[in-house]
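2 protein chains.
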Amino acid sequence: MQMTAPRWKAALDKALAAHSKETVIQLASIDPSTPVPHVRSLIFRSFVSPIDNPSHPLLLATTDIRTPKTAQMIANPNVQVVWWISGAQEQYRIAGRAHIIPARGHTLHKHFMHPVGALGLGANFDWEEKRIEVFKSMSPMMKASWCRPVPGSHLEGGPDEAKKWPVKLEEPKAGDEEGKRLWDMSLSNFALVVIEPQDIDYVELEPIPNRRTRFWRAGNVWNEEALVP
Amino acid sequence: MQMTAPRWKAALDKALAAHSKETVIQLASIDPSTPVPHVRSLIFRSFVSPIDNPSHPLLLATTDIRTPKTAQMIANPNVQVVWWISGAQEQYRIAGRAHIIPARGHTLHKHFMHPVGALGLGANFDWEEKRIEVFKSMSPMMKASWCRPVPGSHLEGGPDEAKKWPVKLEEPKAGDEEGKRLWDMSLSNFALVVIEPQDIDYVELEPIPNRRTRFWRAGNVWNEEALVP
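Sequences listed follow chains A and B, in order. Heads up: the first sequence begins at 1 in our numbering, then just goes up one per residue. Heads up: the second sequence begins at 230 in our numbering, then just goes up one per residue.
Please keep in mind that the hints were generated in silico from the structure rather than gathered at the bench. One should not assume that every hint holds.
[Unchecked claim] With a straight-line Cα cutoff of 27 Å, these simulated BS3-like cross-link-like pairs (lysine-lysine) come out:
(1) B/K250 with A/K14
(2) B/K392 with A/K14
(3) B/K397 with B/K365
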């Protein structure tokens, strides 16, 4: 069994180390009610993988649980991420399964299946703790964004109403009731998006001739094949 | 009837004028044989629209006709493009229909339906002429890329074989038989991807509060609605 990180992950780590600001990824999903694809930009936050098994890195992003993409991915977890790292002239297309992880008490939490080892992290991994840790690491502006009305809904009251939204949200001090109410609201709308990579299409445009490699996972083993770019 | 360019197009033109290198877009499509989304980076080439009717701008990109995305979009023309313009802190999500335009004699050309006015350009618009014009505007390196074996196929012969591929391709001079063979091959594999925008989700992250607007097309009229970001 291969217990080292897959080669595509090492390449991606290297590209990211050299171009650390290039963390915008695009995530495509399908709305199961129509045969229409959806795609939007997200920020890559980090990889998560079991210390004793780096062969199975999970890609971590975040979202507002009220956005349409969470329902799309719960209904059809097949997604593809495309990550163009301009500075390295490399594109990673990462196909896999998405797991949406809302607050533990959230009504959508029941859809989050975490059977033993399913995400390679064991049954004891505390995703709620991880969710809160990631939430706390977000900027005050991002935290404030999860206190708005439902994203994508009609803007009731127009621009004047939007000016009433909090702009920054810091962890509330003891006795700050309004701050605590906003913090709790924000945290309850905050969800993790975890992508389990299964098939990667890696293109390198800097070398001449260009290179393209497919990696696909079978258990803990990653296979690879050289392709025509 | 609104015969001016839609407001989202004016905003995009402005962002592009200020950040002219940000022409990488991501195009999502669905493989109809599986419920799986696909997404990849493409280069935006230009807008095309009838001189007498700027209300209907078409988004132009290019591809190798042999890539899987052409078959996907012929089978299901519903696509979404996401365009993150980092310098402007703006995201455009453009949902619409894709038209694949291969060489006139190509076996897939029969799928390209161009009824009178279907793309707003009238029945006399010469797409083959446009295709050749765009082909000629491509860099010699891009032109050489369409002479390779089928993109995404197994790399027969390995890296040594790839070193035999032409690196640059210029228009052949009279009597250059090999140059003409490669030029014709490249041109026959070259196709236009034309996206007909129907629904745009425009997010502006620079203004505080952030702004989000939906635009959707009904005939020559674009409607718009302010949304919660």
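Of all the hints given earlier, name the ones this structure violates by number, lowest first.
Those not satisfied: there are none.
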